[in-house]
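Respectively, the protein sequence lines represent chains Z and C. Position 42 of the first sequence, counted from 1, bears residue number 42 in our numbering, the numbering being contiguous throughout. Position 137 of the second sequence, counted from 1, bears residue number 137 in our numbering, the numbering being contiguous throughout.
Note that these hints are calculated values from the structure, not bench results. All of these numbers come straight from a predicted model, not from anything done at the bench. A couple of the hints might just be wrong.
Calculated pairs, DSSO-like style, for lysine-lysine (alpha carbon to alpha carbon, straight line, at most 27 Å) [to be verified]:
no., chain 1, residue 1, chain 2, residue 2
1, C, K58, C, K183
2, C, K98, C, K183
3, Z, K118, Z, K139
4, Z, K20, C, K98
5, Z, K143, Z, K118
6, Z, K139, Z, K102
7, Z, K21, C, K104
8, Z, K102, C, K98
9, Z, K118, Z, K102
10, C, K183, Z, K118
11, Z, K102, Z, K143
Here is how the chains run, residue by residue.
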Amino acid sequence: MQDLDPILQARDLSVYYDTKKVVTDVNLDVARNRITSIIGPSGSGKSTLLRCFNRMNDLIPSARVEGQVLFDGLDLYGHNVDPTEIRYLIGMVFQRPNPFPKSIYDNVAFGPRINGFKGDIDELVERSLRRAALWDEVKDRLKTSGLSLSGGQQQRLCIARALAVEPSVILMDEPCSALDPIATLAIEELMHELSEDYSIIIVTHNMQQAARVSHYTAFLMVEEARVGFMVEFGESRKIFTNPEDERTEAYITGRFG
Amino acid sequence: MLPERVIAIFLFLCSFLSILITIGIVAVLLFEAISFFGEVSFLEFITGTRWTPLFSSKQFGVLALVAGTTLTAVLAMAVALPLGLLSAIYLSEYAPRKVRSTVKPTLEILAGIPTVVYGYFALLFVTPLLRGISEDIAVFNALSAAVVMGVMILPMVSSLSEDAMRAVPRTLREGAYALGSTKMEVSIFVVVPAALSGIASAFILAVSRAIGETMIVTIAAGQNPRFTLNPFVPIETMTAYIVQVSQGDTPAGSIEFKTIFAVALLLFVITLAMNLLSQYVVGRFREEYD
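Start from the sequences, fold in the hints, and give me the full structure.
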């Protein structure tokens with residue numbers, strides 16, 4: 001654990017909806033160019049925590065965040081930080097594929113265009129689609145709607161769309177929950193490849209998936225107070241074979257959740 | 001099971017009644033219009049630019065009325081479309097829930113104001129304002145009527161467009177935000193395109209409304225059929241002409257009387273075409289987002 005090179009660090013991070021605390025005092029280091037998974041039962045605040053890393057919680061008027069998230073040392077919740085610029089650096093892939101009702105090409109080109117990309121956009125679209133392992137399947141129909149693709153392809157399109165703005169971190173919120181096992185496998189292989197160049201955080205319900213793909217795992221849970229908190233964080237190998245906390249062991253062996 | 005059958009037949013008759021009435025209206029229009037076209041050539045009607053059936057030297061160029069209708073409708077849309085779309089974007093994307101829940105019903109109240117009130121508002125308030133800007137503007141003019149008509153249509157455009165935008169799934173907005181979009185970029189590049197079919201049909205509905213609107217133009221735009229696009233002079237729309245004749249002492253069965261059926265039939269065809277266009281547009285540009 002000592003050699004963990006953090007790109008993102010949550011420090012005493014708590015999230016409130018109105019006055020209700022939903023996640024409390026999370027301290028978590030996210031390793032650079034590694035995959036970190038966040039697991040835990042429903043309601044433990046996994047997605048809420050994930051959305052702190054690109055300030056998506058800002059879109060919910062009642063949400064309030066306390067504590068710090070350091071991105072290479074910069075506090076994302078600092079005073080003069082523009083959330084739209086953060087989201088340019090920290091991309092996100094959602095639970096259900098959500099391509100825009102536009103062509104495949106325009107889906108990928110969307111982010112670069114709004115961010116004032118000046119270079120060769122054709123080349124960028126191709127590179128992003130290749131990186132998302134989708135190019136060969138769509139290269140002949142870039143002008144057709146992104147919604148004409150299968151669910152797994154749509155999700156890879158969404159990954160390509162996120163890659164096109166060249167972020168350094170990709171947040172994935174249960175990216176395979178709406179996909180079949182074969183499409184899931186394709187996404188997992190893709191994540192593995194992407195982790196060479198990107199830092200990835202994935203929220204997942206699927207513990208086998210977390211064990212398969214991630215280098216590090218954070219386990220969140222929730223008790224009677226209905227406030228999510230982090231129980232344990234460590235290398236996935238250790239979390240899934242020899243956890244320190246007995247609640248983690250109970251969860252990964254399927255005794256609750 | 002007799003009662004159920006009776007109920008079914010009764011309900012069928014109810015729905016059939018409105019269809020019957022529609023057929024009846026069209027039949028009357030057609031019947032009288034055919035009789036009109038027995039006396040006046042259709043070509044003269046549809047291509048002539050002078051409309052003087054109430055004078056001794058009768059001319060039946062309906063384009064003078066069509067020009068009046070087109071002018072007021074286009075100007076009204078020039079007011080209603082941009083304002084309606086922008087207020088829809090505000091209500092759907094920007095307004096806090098409290099503001100929306102106050103503003104939207106308030107806007108919709110505008111739709112409940114009787115059009116005769118709008119008509120007098122145009123004539124007695126807007127026209128003097130316009131004439132304060134320029135003396136060249138006549139007391140009865142297309143501009144004043146059209147601007148007020150635009151205000152009248154505005155809530156419909158805004159409300160229907162807003163419904164279409166609100167129906168765009170939140171996940172699409174999130175997808176755009178996650179790429180570093182600002183709220184304006186999300187609104188313009190994601191929400192409006194995804195809601196385009198709904199917005200387009202709201203626009204077309206508004207155009208039909210503007211074409212069919214009667215009271216405001218009758219009161220404020222004048223009764224001078226004129227083949228012009230000058231908004232500062234008195235004109236007459238198709239609807240205002242129908243009012244003028246049906247209110248006057250034109251004897252039934254005379255050629256003057258029959259003109260209103262010909263004009264009404266044309267009006268009916270135009271609005272029908274707009275509605276068909278609306279359905280085509282909705283089908284053609286429908287962007288399924290789920």
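Going through the hints against the structure:
1. C:K58 to C:K183: It is violated: about 59 Å lies between the C-alpha atoms, which goes past 27 Å.
2. C:K98 to C:K183: holds, 19 Å
3. Z:K118 to Z:K139: holds, 22 Å
4. Z:K20 to C:K98: Roughly 21 Å separates the two Cα atoms, so the pair holds.
5. Z:K143 to Z:K118: holds, 21 Å
6. Z:K139 to Z:K102: holds, 16 Å
7. Z:K21 to C:K104: violated, 33 Å
8. Z:K102 to C:K98: Violated - the C-alpha atoms of K98 of chain C and K102 of chain Z are around 33 Å apart, more than 27 Å.
9. Z:K118 to Z:K102: holds, 21 Å
10. C:K183 to Z:K118: holds, 22 Å
11. Z:K102 to Z:K143: holds, 9 Å
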